[in-house]
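Q: Sequence:
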Amino acid sequence: MKIKLFGNVSMYLSWSLVIGFLLYYLSTIVSMAYVLFIDGVAGRFVQFISIPSFILVFGVGIGFTLMRKHTLEQKELGIALKKDFILAGWIGFLVGLGFLGAGMDEQFGNIEWGISFVVSNLKTITIPLLYGYICGNIFEASLTPPLKT
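Throughout the sequence shown, residue numbering follows the numbering used here, covering 12 to 160 in sequence.
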């Protein structure tokens with residue numbers, strides 16, 4: 012099914028897309044719940060939610076695609092968004108590393124503090140990568156037109 016979003020941009024829905032999304036979503040939630048509640052790993056679901064990371068990945072990914080939209084054909088939009096979201100995730104990761112390094116300047120020389128600081132903040136700087144790969148694949152699957160057979 013083709014849903015017209017705006018202009019010449021359309022979203023394509025199919026049973027395989029919906030089932031694939033549900034499979035991805037449910038397997039992610041179930042595996043996280045198992046690790047958190049059955050295995051007893053310290054953490055919460057909320058640690059995977061970061062509004063600044065989402066804004067950075069979504070804004071940079073859409074922005075990069077809009078900057079080169081005039082060079083893309085309609086069928087290339089989903090693939091371009093996937094690449095740009097993944098790139099935006101890596102940019103968010105590098106920005107997080109910059110903030111991590113800036114925070115380490117305060118305790119230069121205290122190696123135990125530095126290691127614990129890096130380990131405790133490693134989860135935070137990897138969230139943009141997660142968002143970039145997930146959003147990129149979802150947008151590619153839903154915005155790329157089906158192949159004609």
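Since the hints were derived computationally from the structure, they do not count as laboratory data.
The structure presented is a predicted model; accordingly, all values stated were derived computationally and were not measured.
Worth double-checking, as some hints may not be accurate.
Okay, the calculated beta carbon distance ranges per label pair [stated by the list, open to error]:
id	residue 1	residue 2	range
1	Gly31	Phe65	20 to 30 angstroms
2	Val46	Asn132	42 to 52 angstroms
3	Ser42	Asn132	34 to 44 angstroms
4	Val20	Ala53	18 to 28 angstroms
5	Leu37	Thr137	18 to 28 angstroms
6	Phe128	Arg55	16 to 26 angstroms
Here are the simulated DSBU-like pairs of lysine-lysine, each with C-alpha atoms no more than 35 angstroms apart in a straight line [what the hints assert, rightly or not]:
id	residue 1	residue 2
7	Lys80	Lys94
8	Lys13	Lys94
9	Lys134	Lys80
10	Lys159	Lys94
11	Lys80	Lys15
12	Lys13	Lys159
13	Lys159	Lys15
14	Lys80	Lys13
15	Lys86	Lys13
16	Lys86	Lys15
17	Lys159	Lys86
18	Lys94	Lys15
19	Lys94	Lys134
20	Lys159	Lys80
Note that CB positions come from ideal geometry on N, CA and C, so glycine has one too.
Q: Can you confirm whether the C-alpha distance between Lys159 and Lys86 stays at or below 35 angstroms?
A: holds, 12 angstroms
Q: For the pair supplied as a hint, Lys159 and Lys80, confirm whether the alpha-carbon distance does not exceed 35 angstroms.
A: Holds - the C-alpha atoms of Lys80 and Lys159 are around 24 angstroms apart, at most 35 angstroms.
Q: For the pair supplied as a hint, Lys86 and Lys15, confirm whether the alpha-carbon distance does not exceed 35 angstroms.
A: holds, 14 angstroms
Q: Check the following: the C-beta atoms of Gly31 and Phe65 are separated by a distance inside 20 to 30 angstroms.
A: With Cβ atoms ~22 angstroms apart, the hint holds.
Q: Would the hint linking Lys134 and Lys80 be met if the CA-CA limit is 35 angstroms?
A: Since the Cα atoms of Lys134 and Lys80 sit roughly 33 angstroms apart, the hinted pair holds (cutoff 35 angstroms).
Q: Need the status of pair Lys86, Lys13: alpha-carbon distance at most 35 angstroms?
A: holds, 13 angstroms
Q: Given a hinted range of 18 to 28 angstroms, is it respected by the beta-carbon distance of Leu37 and Thr137?
A: holds, 22 angstroms
Q: Confirm or reject the claim that Phe128 and Arg55 have a C-beta distance inside 16 to 26 angstroms.
A: Given a distance of about 20 angstroms, which is inside 16 to 26 angstroms, the answer is holds.
Q: Mind checking the alpha carbons of Lys94 and Lys134 for me, to see if they're no more than 35 angstroms apart?
A: Status holds; Cα separation ~23 angstroms.
Q: Take the C-beta atom of Val20 and the C-beta atom of Ala53, compute their distance, and say whether it sits inside 18 to 28 angstroms.
A: violated, 43 angstroms
Q: Are the Cα positions of Lys80 and Lys13 separated by 35 angstroms at most?
A: holds, 20 angstroms
Q: Decide if the proposed pair is consistent with the structure: Lys13 and Lys94, CA atoms, cutoff 35 angstroms inclusive.
A: holds, 23 angstroms
Going down the numbered hints, you'll see the structure goes against 2, 3 and 4, while the others check out.
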